[in-house]
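Using the hints, put the two chains back together into the complex; each one sits in its own frame.
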Amino acid sequence: MCGIIGFISKKKRPISGDKIAIALDSLKERGNGQGSGYVGYGIYPKYKDSYALHVFLNNTPDYYEIISKVKDTLEKYGKVIKDEEIPTNGEILKKEFIPWRFFYDFHSSYRDIENDLMVNMVMEINDKIDGAFVFSSGKNLGVFKASGWPMEVAEFYKLDQYKGYMWLAHARYPTNTKGWWGGAHPFNILNWSVVHNGEITSYGTNKRYVESFGYKCRMLTDTEVVAYIFDLLIRKHKLPVEYALSAIAPKFWKEIDLMEEDERKIYESIRMTYGGAVLNGPFAIIVGTHEGMVFMNGDVEKNNTMIGITDRIKLRPLVVAEKDDLVFVSSEEAAIRRICPELDKVEMPDAGMPVIVKMEK
Amino acid sequence: MNNNGEEEIREVIIDAKDMEYRELNEKIHEVINKNPNLKKIILKNVLGQRFIGNGIEKKDLTIEIHGVPGGDLGMFMSGPTIIVYGNTDHAPGNTMDDGTIIIHGNGGDVTGHSMRGGRIFVRDNVGYRSGIHMKEYMDKFPVLIIGGTAKDFLGEYMAGGLILVLNIDSEGNDLGKIKGKMIGTGIHGGAIYIRGDIDNSQLGVAADIKEFTEEDREKIKTYIEEFCSIFNLGDEIKKKLIESQYTKIAPISKRPFGRLYTQDLR
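Residue numbers (the numbering used here), protein chains in the order written: chain C, 1 to 361; chain H, 362 to 627.
Everything labelled a hint here was simulated from the structure, so no lab data went into it. Even glycine gets a Cβ: it sits at the ideal position worked out from N, Cα and C. Among the hints, a few may not be true.
Simulated DEER-style distance windows between Cβ atoms [stated by the list, open to error]:
1. H:K501 - C:I22: 37 to 45 Å
2. H:P397 - C:N89: 45 to 53 Å
3. H:S531 - C:K178: 45 to 53 Å
4. H:Y446 - C:N297: 18 to 26 Å
5. H:N394 - C:K254: 34 to 42 Å
6. H:K405 - C:D160: 27 to 35 Å
7. C:D83 - H:S531: 51 to 59 Å
8. H:G550 - C:D160: 53 to 61 Å
9. H:G550 - C:E260: 34 to 42 Å
Covered stretches of chain H, as calculated for chain C (at least 3 residues, CB under 8 Å) [what the hints assert, rightly or not]:
10. 389-399
11. 411-421
12. 512-520
Just chain H, with the same shape it has in the complex (with noise of 0.2 Å):
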C-alpha cells in the first residue's frame, strides 16, 4: 500500500487473446497510466497485434510478449525493455528513440527501420532490409545486433549507428558463408559489422569494405558480451566471437551521392 492507500502494483499480466490490436494497446496504456509504480507487464497468448509498446516513454518497464507480434513493434518508444518470446513481423523497433528490445527467434523484413537510438538483440535471423534509414545525432547512437544472418539490402540507406551480425545459430555454431547481397545499398553513416567473409560483390552501391581494427573490436566487443549473457551463450562461444575476423563495412566516402544530380559541377 503506499501513503494514498492504493495498492503499488508492479506487475500486470494481460491474455491477449482473440484481442484486437488496438484493444490490446489501449488496454497496454491504460495500465501504464494508471500504475506509476509498474514494472513488468506481461502479455500471453499474443498474435498478429500491431503496434505493442508504441510510443511508451516509461524507462523502467519491460514487456514480456508471449507469442508473435504483429508489425511495428516498438515503434517511437524510448525507454522501456520489450522481450519476446517468439519471432515478430515487419520492422520491430521502427524509428525508435530509446529502450531494449530482444527477440528470441526471428526478426522480420525492415527489423531496426530507421531506428535513432536503443538497441535490438535477434537471437536468430533477420529479413530483407534490417536497419534501412538507421541514424546518429548526438548521443543517440541506434545499435542492432543479429545473432545469426541477414537477407539482402542490409543496412540500406544506413546514415548512422551500428549494425553487427554474429553468423551464428541459436547453440553458437557457425552458419558458415554469408549469402547476403545488396549490403549496405545507399550506405553514407555508420558502420555494418559481419563475423566471416565478405566478397566486394556482395556490396551495395556506396558501400565499402574498411580494415577492421582493434578498435573496432573494442567497440563490439561490449555488443557481444550483452548478447552472450542474454541468449546464455557460454564463455567458449563468447571469446569465439570476440576472437573471430569481422568485415567492416562503411561508407564509400561521406557523401556518396553528392555529385548524383551535379555530375557536371566540379
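Chain C with its partners taken away, still in its complex shape (with noise of 0.2 Å):
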C-alpha cells in the first residue's frame, strides 16, 4: 500500500504546508500511521544559498554531543552558520528523536565539489556517528518525517509555518522493514527526495551498486537506494533524465528489439550499463529536485522539477491532474480534489512513462 501525494507551482507560487497535509491525510488509509512524511521545496528563502540539514538526534539526555560531533564534522569543510531544534509540537507525538537542522556554507575553496563532499558528509554522520541520521540536505528545502499518522506529523512539525512551491508527502504502510522515524518517507539526498509506493525487491542490487559509488544505505528501507540512485545518474553521470528514468524502469527487450538501430543502440547500452540501477518489483515513485537536469533533446533544466514514474508493468497506482499553473501526481484522485475540487485534467500515465513537470519559462 503506502499513498504519495506531489504537487507544484509550474509559476513557484509560494503554497503553505497545511494544504499537503490535508491532501495526504486523505491517504491515511493507505498507510497505518507508522511513518508520514513531508518535503518542501522553497521554504528556506532566507537561507536559500546554504545547506540545510535536517539531523534526527537520539532523545537522550547528552544529545548536545552529538551534536557537537555532527558539527566537527560539518566544520571540516565550512561553517554551521545557524542550528537550532526544528520547532515541533511535543503534545502530539512522543519524541523518539529530536528533530535538528543545520544551515550551513561551505568554505568558498570548496565551491566545485561541495555536492560531493556533502553526500560524503551525509554518508559520514550516518555510518558514523551514533544517534545522529541526516535525513535532508539540500538548499532551500526540507524534510519532515516521523512515526504517526499524517496530521499528527504535520502538526507535530507545524507545517501550516512553511511556505513552498513544490511538495511531496507520503504516509506509510511498512511491509518489509519496520517503522521508524528514519524510515518514513521522503528520502533524500542534497537537492532529491522520493516517496515511494511499493517494494524494491532488487534493494540488495541496488544497494551493493551504490554503496561501490561511496553511497551508504543506513535508514533501514528500500527506499533510501532510489535518492541515491538519482543522485549517481542524473547528478553525478549526468544522463539525461528520460535516459536516467529508462535505467530503473527499462525497456523490455521485445520493446529493445523493435527499435530502430540508433535507439536500439542507447537502449541496449543503457541496460547493460545501468543493470545494478533497476528498480525491480512494484513501484509508484515521485521525485522532486532542484537540482537541474538534462533532458534527451540537449535541453538542460537549470530549475525544480517534479517526476512521477510507475514501474513497467503498473504494479501500483498513480494519478496525475493538472489546474492553471499546479500540476499534481498522486496515489488517488481524490486526494488531489480534496485540495483542488476543480481540475482541468486528470489521467492515468502509461506504465513506465514518466511524467516530467517543468517550471514554466
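Next up, the structure:
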C-alpha cells in the first residue's frame, strides 16, 4: 500500500504546507500510522544559498554531544551559520528523536566539489556518529517526517508555518522493514527527494551498486537507495533524465528489439551499463529536485522539476492532474480533489512512462 | 404512511462531505435497514470513501454517487444498481455477485476485479488489469463494458464472463488504434471483444484471436444497445457500434496451463 502525493506550482507560487497535509490525510487509509512525511521546496528563502541539514538526534540527555560531533564533521569544510531544534509541538507525538537543523556554508575553496563533499559528510554522519541521522541535506528545502499519521506529523512539525512551491508527501504502510522515524518517507540526498509506494525487491542489488560509488544505506528501508540512484545517474553521471528513468524502469528487451538501430543501441547500452540501477518490483514514485538536469533532446533545465513514474507493468497506482499553474501526482484522484476540487485534466500515465513537470520559463 | 403508521421513505439523501468511510457505510446500511421500501440513496460530495455499496443485497435499490468514490466500490454487492457521476478508484465491482455499476467517467485499475456476476458499464476508460480473474458459473455471467479504452493486461487470468471494449470517446467518436498490450494474459475462460484490430503481439500468453462470428455479434448486441441507452448515444452511433468489426480474444485452449508443471507427463 502506501499513499503518495506531490504538487508543484509551475509559476513558483509559495503554498502553505497545510495543503499537502490535508491531501495526504485523505490517503491515510493507504498507510497505518507508522510513518508519514513531507518535503517542501522553497521553504527557507532566508537561507536559500546554504545547505539545510535536518538531522534526527537520539532523544537522550546527552544529545548535545551528538550535536557537537555532527558540527565537528561539518566544520572540516565550512561553517554552520545557524543551528537549532526544528520547532515541534511535543504534545502531538512522543519525541523518539530530536529533529535538529543546521544551515551550513562550505568554504569558498570547495565550491566546485561541495555537492560531493556534502554526500560524503551525510554518509559519514549516518555511518559513524551514533544517534545521528541526516534525513535532509539540500538547499532551500526540508524534509519533515516521523512515525505517526499524516495529520499528526504535519501538526508536530507545524507545517502550516512553511511555504513552498513544491511539496511531496507520503503515508507509510511498512511492509518489509520496521516503521521508525528514519524509515518514513521522503528520502532525500542533496536536492533529490523521493516518495515511494511499493517494494524494491532488487534492493540488495541496488544497495551493492550504489555502495560501490560511496553511498551508504543506513535508513533500513528500500526507498533510500532510489534517492541515491537519482543522485548518481543524473547529478554525477549527467545522464539525460529520460535515459536515467529508463535505467530504473527499463524497456523490455522485446521493445528494444523493435527499435531503429540508433535508438536500440542507446537502450541496449543503458540496460547493460546500468543493470545495477534497475528497480525491480512494484513501484510508483514521485521525485522532486531543483538540482537541474539535462533532457534527451539536449535541453538543460536548471530549475525545479517534479517527476512521477511507475514500474513498467504498473503494479502501483498513479494519477496526474492539472489546474492552472498546478500539477499534481498522486496515488488517488480523491486526494488531489480534496485540495483542488475543480481540475482541468486528470489522467493515468502509462506504465513506466515518466511524467516530468518543469517550471514555466 | 404504511399500516404501522410509519412514513414510507423511498429516497434518502446523504451528504458525505468530510465523512470518514466507515461512518458513511454504516449510515448507508442504517438507512437501508430502517426503510424497507427504500428505492434510492443519493450520496452527495463523495470524495475517496472506500467500500461504498459493499455486500448490499437489496435488488431494487439504486445508489447514486456524486463525486469520486474510493476503491472497492460495490464489492460483494448482490443486486443493487450503483450510478457514479465521476471517476472511480481501484477495483469497482470487486467480486460482485449481481447488480449493475454504471460509471459516468473512468474506472481505475483492476475494474471488475474477480467479478462473478452482474454488469459494469464504464463510459470512458479503465486502468490496468481490468476484468482480472472474472469468472462464471451456471447462471452467473459477469459482463464488463468499457466505452473508451483499456490499459494493459485486460482480462488477466480471466476464467469466464464477457468483456467488451467499444473504443469510442464519450461523444461516440472513434479513438483509433488500440494500444493495450498483454491482453488476456493467462486467460482460461470467457471472451474479450474489442472493437477494431488487435495484433497478435498485443496478446498475453494463453490468449488467442478467434473468429468473430455473427453469433458473437448477436451476443454483444444487447450490451451495446444498453450501453447506448445508458449513456445517451444516438441510433447512428449504436448502429456503427453494432456493425463494426470486433476482435474476439479467448483462451488458446481449455487448459492453457494444464502442463505447466508436468511437461514431462503424457
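Hint by hint, here is what the structure shows:
no. : hint                        : verdict
1   : H:K501 - C:I22: 37 to 45 Å  : 43 Å, holds
2   : H:P397 - C:N89: 45 to 53 Å  : 50 Å, holds
3   : H:S531 - C:K178: 45 to 53 Å : 47 Å, holds
4   : H:Y446 - C:N297: 18 to 26 Å : 41 Å, violated
5   : H:N394 - C:K254: 34 to 42 Å : 54 Å, violated
6   : H:K405 - C:D160: 27 to 35 Å : 29 Å, holds
7   : C:D83 - H:S531: 51 to 59 Å  : 57 Å, holds
8   : H:G550 - C:D160: 53 to 61 Å : 54 Å, holds
9   : H:G550 - C:E260: 34 to 42 Å : 40 Å, holds
10  : 389-399                     : violated (count 0)
11  : 411-421                     : violated (count 1)
12  : 512-520                     : holds (count 3)
When held up to the earlier numbered hints, the structure conflicts with 4, 5, 10 and 11 and fits the remainder.
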